[in-house]
Structures are given as C-alpha cells and as structure tokens.
Amino acid sequence: MELSVLETLVRVAWVAGAVAFVIGLIRMNSPATARNGNLLSAGGMAVAIGATAVFLAFETREEGLNVAGWVIILAGLALGGGLGLYTARTVKMTAMPQLVSLFNAVGGGAAALIAIDDYLRLSSAPPSLQVNVATVLDILIGSITFTGSLIASGKLMGLRITPSRPVMIPGGRLVTAALVLIVVAGAIYLWIPNLSVPVMLLILAAALVFGVTMTLPIGGADMPVVISLLNSFTGTAVAMAGFVLDNPVLIIAGALVGAAGAILTKLMAGAMNRSVLNIMLGGFGGGEGTVGAVSGAGHSVRELGMDDAAIQLAYASSVIVVPGYGLAVAQAQHAMRELAELLESRGVDVKYAIHPVAGRMPGHMNVLLAEANVPYPQLKEMEEINPEFDRCDVALVVGANDVTNPAARKPGSPISGMPILDVDHSKAIIVIKRSMGRGYAGIDNELYGNPKTGMLFADAKAGLAELITAVKAL
Amino acid sequence: MNAELLTALTTFVLAILVGFAVISKVPATLHTPLMSGANSIHGIVVVGAMFIAIEADEPVGYVLSFIAVAFGTMNVVGGYVVTDRMLQMFRRKPAAPAAEKAEA
Numbered sequence: 001m002e003l004s005v006l007e008t009l010v011r012v013a014w015v016a017g018a019v020a021f022v023i024g025l026i027r028m029n030s031p032a033t034a035r036n037g038n039l040l041s042a043g044g045m046a047v048a049i050g051a052t053a054v055f056l057a058f059e060t061r062e063e064g065l066n067v068a069g070w071v072i073i074l075a076g077l078a079l080g081g082g083l084g085l086y087t088a089r090t091v092k093m094t095a096m097p098q099l100v101s102l103f104n105a106v107g108g109g110a111a112a113l114i115a116i117d118d119y120l121r122l123s124s125a126p127p128s129l130q131v132n133v134a135t136v137l138d139i140l141i142g143s144i145t146f147t148g149s150l151i152a153s154g155k156l157m158g159l160r161i162t163p164s165r166p167v168m169i170p171g172g173r174l175v176t177a178a179l180v181l182i183v184v185a186g187a188i189y190l191w192i193p194n195l196s197v198p199v200m201l202l203i204l205a206a207a208l209v210f211g212v213t214m215t216l217p218i219g220g221a222d223m224p225v226v227i228s229l230l231n232s233f234t235g236t237a238v239a240m241a242g243f244v245l246d247n248p249v250l251i252i253a254g255a256l257v258g259a260a261g262a263i264l265t266k267l268m269a270g271a272m273n274r275s276v277l278n279i280m281l282g283g284f285g286g287g288e289g290t291v292g293a294v295s296g297a298g299h300s301v302r303e304l305g306m307d308d309a310a311i312q313l314a315y316a317s318s319v320i321v322v323p324g325y326g327l328a329v330a331q332a333q334h335a336m337r338e339l340a341e342l343l344e345s346r347g348v349d350v351k352y353a354i355h356p357v358a359g360r361m362p363g364h365m366n367v368l369l370a371e372a373n374v375p376y377p378q379l380k381e382m383e384e385i386n387p388e389f390d391r392c393d394v395a396l397v398v399g400a401n402d403v404t405n406p407a408a409r410k411p412g413s414p415i416s417g418m419p420i421l422d423v424d425h426s427k428a429i430i431v432i433k434r435s436m437g438r439g440y441a442g443i444d445n446e447l448y449g450n451p452k453t454g455m456l457f458a459d460a461k462a463g464l465a466e467l468i469t470a471v472k473a474l
Numbered sequence: 001m002n003a004e005l006l007t008a009l010t011t012f013v014l015a016i017l018v019g020f021a022v023i024s025k026v027p028a029t030l031h032t033p034l035m036s037g038a039n040s041i042h043g044i045v046v047v048g049a050m051f052i053a054i055e056a057d058e059p060v061g062y063v064l065s066f067i068a069v070a071f072g073t074m075n076v077v078g079g080y081v082v083t084d085r086m087l088q089m090f091r092r093k094p095a096a097p098a099a100e101k102a103e104a
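As given, the protein sequences belong to chains X and L, one line each in that order. Letter 103 of the first sequence, counting from 1, is numbered 103 in our numbering, and no numbers are missing. Letter 62 of the second sequence, counting from 1, is numbered 62 in our numbering, and no numbers are missing.
No wet-lab data here; the hints were simulated from the structure. All residues carry an ideal CB built from backbone N, CA and C; glycine is no exception. Please note that a few of the clues may not be correct.
If you anchor each label on the Cβ, the simulated ranges turn out as follows [what the hints assert, rightly or not]:
1. L:E55 / X:L129: 21 to 29 angstroms
2. X:I311 / L:F20: 46 to 54 angstroms
3. L:P59 / X:A125: 19 to 27 angstroms
4. L:L17 / X:A125: 32 to 40 angstroms
5. L:E4 / X:G50: 48 to 56 angstroms
6. X:M168 / L:D57: 44 to 52 angstroms
7. X:A32 / L:D57: 28 to 36 angstroms
8. X:L174 / L:T7: 37 to 45 angstroms
9. L:L6 / X:D390: 54 to 62 angstroms
10. L:E55 / X:A78: 15 to 23 angstroms
11. X:L159 / L:E4: 24 to 32 angstroms
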C-alpha cells in the first residue's frame with residue numbers, strides 16, 4: 001500500500017502525538033516535571049487533531065467541500081471545547097473526581113458512537129471479522145463506560161437518584177445474568193457473521209443498562225477503584241474504535257490508557273487488600289453476615305474533651321495528621337491546614353500521613369491538601385511515614401478508619417493483610433470522628449479501644465474549627 | 001489474517017506494555033493527576049469522530065458524529081485543563097510556603 005505524501009505526513013504527526021503522550025506520562029513521575037509532562041501531552045494532542053483536520057481538508061478536496069461535515073466538526077469542537085474548558089476551570093477540587101468521571105463518560109460515549117455510526121453505514125455485507133469483533137467490543141465497552149461513569153459521577157455528587165451508599169437492585173444477579181446472555185448471544189450472532197442493526201442496538205441497550213446495574217451497588221468508598229477501572233475501559237474502547245476505523249493513533253493512545261488504568265486499578269485494589277472482582281461485585285460494604293467475629297467491640301473507648309485535645313497537640317513536639325475519606329467528605333482540608341499552621345507556629349513539627357486510598361480517587365487526598373496550600377514536602381506516603389509513628393507524640397486521625405485498624409496485622413479479619421498506617425505506634429492518638437460507626441469494611445477498629453486513644457466525637461470540619469479555637473485560647 | 005491487521009495488533013500489544021511500564025513507576029502522590037492525564041489522552045477519540053463526521057451524509061450520521069466530536073473534544077479540553085490546574089498546585093509547593101501565605 002503506497003501512501004500519498006499528505007497521508008504520510010499525517011501518520012508521522014500521529015506518531016509524534018503518541019510519543020508526546022508517552023513522554024508526558026513518564027514526566028508525571030515527579031511533581032517537578034509533571035506539569036510540563038501534561039502540557040507536552042496536550043501539545044501532542046493538538047498536533048494530532050490539527051494534522052487530522054488538514055488531512056481531511058485536502059483529502060476531500062476533489063469530491064467538493066463537505067459543508068455539513070465541516071460544520072459538524074467545527075460546531076462539535078466549539079461546543080465540546082467550551083463545555084470542557086468551562087467545567088474544568090470552575091470545578092472545585094473536592095468535586096474533581098466526579099468531573100474526571102464525567103469526562104471519562106463522554107470519552108467512552110464518543111468511542112461507542114463511532115462504532116455505532118460505522119455499523120449503521122454498512123448496507124449489505126457484514127464487515128470483515130476483525131472489524132466485526134472490534135465493533136461489538138467498542139459498542140459494549142464504550143456504552144458500559146458511558147452509563148457506568150455517569151452513575152459513578154452522580155454517586156460522587158451524592159445525587160438523590162444515585163446515592164453514594166451501595167444500592168442493591170432487586171434480583172440484581174439475575175438481571176446481570178440476563179444482560180450477559182443478551183450480549184454474548186448477540187455477539188455470536190453478529191460474528192457468524194450476520195449483518196443486523198436490531199441485534200447491534202440490542203447489544204447497545206444491554207450494555208447501557210449493564211453500566212448502571214454494575215455501578216449502582218458499589219459503595220462510595222470504593223469509587224476510586226471504580227473510576228480507575230472505567231478509565232481503563234474507555235482506553236480499551238478507544239483502541240477498539242481504532243481497529244474499526246483502522247486508525248493507528250487511536251489504537252496506540254487507547255491501549256496506553258487501557259493498560260495504565262488497569263495497573264492503577266490493581267494498585268488501588270491492592271491497597272485495600274481486595275480483588276478488583278470483589279469490589280465490582282459489591283456486597284462487602286453493605287453486607288452484615290459476612291463479617292467474621294472480631295472482638296474489640298467490648299473495649300471501652302475514652303472520650304476526650306476539646307481542651308484536653310488542644311493541650312496534647314499544642315505541647316507535642318511532633319504531630320502526624322492522618323486524613324481520610326471523612327475529611328474529604330466534610331471538606332475540612334482548609335481547617336486542617338489552618339490547625340497545622342497554628343501548631344507549627346508554636347514549634348510543633350507537623351506531617352501528613354497519606355494512605356494510598358485516602359480520598360475519593362487514588363491520590364485525591366494529596367490534591368485536596370495541596371489545594372489547601374499544605375506544603376508538598378509535608379505530605380508523606382505510607383512507607384515513608386510508618387517508621388516515624390514510633391517517634392511521634394500525637395497522631396491526629398481525621399476521618400480515617402480502616403486504614404488505621406491494627407486488626408489488619410492479624411489473621412482472621414476481613415481486612416487482614418491490608419497495608420495500614422502504624423498509628424498505634426505513636427505515644428498518643430486523637431481520633432476525630434462523628435460516631436462510633438464502622439468504616440466500609442464493616443468491622444470495629446481496635447485502635448479506638450487502645451488506652452492511648454482519645455476520641456473526639458465531632459464532624460471533621462466543626463471539630464477542627466473547635467480545636468483551632470481551643471489551641472488559640474491556650 | 002492480513003498484514004495490516006497484524007501490524008495493528010502488534011502496535012496494540014506494544015502500546016499496552018508501554019502503558020504498564022510507564023505507570024508502574026508513578027508515586028501514589030500523583031495518582032489523581034495521572035489518572036486525569038490518562039483520561040485526557042483517550043480524548044484522542046475525537047480524531048476518529050472527525051473522520052466519521054466528514055463522511056456523514058444523512059441525518060442520523062450528522063447527529064451521531066456531532067455528539068461524538070463534542071464528547072471527544074470535551075474529554076480532551078476538560079481533561080488537560082483540569083489536570084493542569086491540579087499539577088499547578090503541586091508544582092509551586094516545594095518553593096516557599098511563606099510566600100504562598102502572603103499570596104493567599
């Protein structure tokens with residue numbers, strides 16, 4: 001196959017774009033080069049899109065200018081670009097996971113639309129086997145991602161129709177089985193091969209419903225893993241769209257993101273000591289009978305007064321803050337930073353211990369604290385901070401639960417083997433928590449029964465505000 | 001199996017391996033911007049959407065390709081801008097926290 005000069009140049013531009021994506025991701029290895037890496041990646045994207053536009057303009061020249069096509073492209077670019085720019089500029093950092101999820105949804109939707117459009121264009125014969133397989137996979141994965149990410153986004157926003165708690169669908173397993181059956185039967189029928197638009201639409205409908213039924217039963221605390229998985233799905237769907245259109249840059253970029261998302265998903269699930277499958281099947285967070293008998297509920301807990309807590313913190317020489325999901329939910333990161341700065345001004349050494357799954361997205365807690373102007377060097381990862389708990393005077397746990405539970409070190413608990421922060425090694429522990437409620441693992445936290453632990457029962461934001469007042473009054 | 005498909009599959013497999021290799025090294029601290037950045041990369045789907053738009057010749061095709069272009073562009077533009085916003089906050093951290101406070 002001999003390429004025209006123009007097509008050769010466009011393909012070179014696409015490869016340049018792909019190279020920029022890879023180098024951009026590599027530069028995201030360190031905070032110092034990450035921003036530059038992202039800009040490089042964006043530049044590669046601009047080159048790829050620009051080259052495509054030039055190619056389309058020259059390629060269709062002989063057939064006359066396709067006015068409708070260009071209007072669609074320019075209007076689509078303007079509308080999508082405007083919406084993307086506006087939402088990305090205005091979103092609050094706490095609401096960022098749902099926006100990323102929304103962008104993921106539209107990406108998956110676009111990938112599915114490409115395959116649908118391509119299929120509708122076929123008139124008589126079914127496509128070649130590879131295009132046929134890629135079409136079905138693209139529609140399937142793209143549609144699941146589209147509705148799944150929308151539901152995930154809605155759950156993170158806490159919309160009434162998509163509450164963040166796990167929503168059990170009556171006969172859920174049966175519905176899932178029926179949907180899987182439709183998809184498998186439909187795919188086999190199309191691959192035989194047959195050309196059938198109704199069967200394609202049936203697969204599309206089943207996939208859209210499956211995206212909803214898959215995501216609804218998953219609890220809010222597991223959303224980091226779900227978003228990461230859906231991100232990986234979209235990458236795969238885009239790669240499939242690349243096979244449908246025979247476009248190398250879609251294949252490369254899609255596969256790159258698909259693999260990256262898969263690795264990230266596995267890391268996240270590993271940090272919770274659960275398998276991805278276990279999370280996707282749900283039922284862990286909401287189930288009652290599944291929890292093994294863990295003693296510790298009998299321990300009496302010691303409740304701490306605000307002033308006592310303030311004195312402990314203010315006269316400590318080192319404090320390690322352990323922020324968790326609850327801090328993000330209460331949007332208390334600014335109050336947290338204020339308290340930390342107040343303590344620092346009194347000569348206390350303050351550090352933050354960040355568990356890999358703290359927040360609503362992998363690494364979300366770092367972003368939230370960075371936004372609240374917490375100096376980056378104070379944020380410590382788990383492996384780095386754990387030895388320091390031994391020398392720490394007070395560990396201040398705000399809205400974190402399971403990641404601090406010493407039960408994870410012993411066998412026989414649902415969280416056995418989960419890497420935890422060694423909070424119990426510090427000389428004293430203060431826990432700010434709304435109630436004695438359990439974390440998403442549904443087990444009691446042995447840390448709360450520890451004689452070194454004092455409990456402050458308060459909402460994270462209100463509790464921190466009161467602590468600030470109490471420290472100032474000293 | 002023809003040579004073109006094999007080339008495409010080779011590209012696909014190698015790109016997957018690159019994805020694995022690149023991500024395994026990123027520290028947990030940067031996982032959110034990383035996910036968001038990877039999210040923007042799959043916005044490349046807009047290139048495919050442009051191809052189907054230019055070939056569209058009936059109303060269904062117009063509508064589908066318009067939505068696809070708009071969706072893809074939103075993914076690209078929004079993804080990169082929000083990632084940049086996040087990384088911007090990270091980048092100025094190690095400098096001088098004191099200057100930071102004065103600015104705020």
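Each hint tested on the structure:
no. : hint                               : result
1   : L:E55 / X:L129: 21 to 29 angstroms : holds, 22 angstroms
2   : X:I311 / L:F20: 46 to 54 angstroms : holds, 51 angstroms
3   : L:P59 / X:A125: 19 to 27 angstroms : holds, 24 angstroms
4   : L:L17 / X:A125: 32 to 40 angstroms : holds, 35 angstroms
5   : L:E4 / X:G50: 48 to 56 angstroms   : violated, 26 angstroms
6   : X:M168 / L:D57: 44 to 52 angstroms : holds, 47 angstroms
7   : X:A32 / L:D57: 28 to 36 angstroms  : violated, 50 angstroms
8   : X:L174 / L:T7: 37 to 45 angstroms  : holds, 43 angstroms
9   : L:L6 / X:D390: 54 to 62 angstroms  : holds, 57 angstroms
10  : L:E55 / X:A78: 15 to 23 angstroms  : holds, 20 angstroms
11  : X:L159 / L:E4: 24 to 32 angstroms  : violated, 46 angstroms
The structure fails hints 5, 7 and 11 (numbered hints given earlier, in ascending order).
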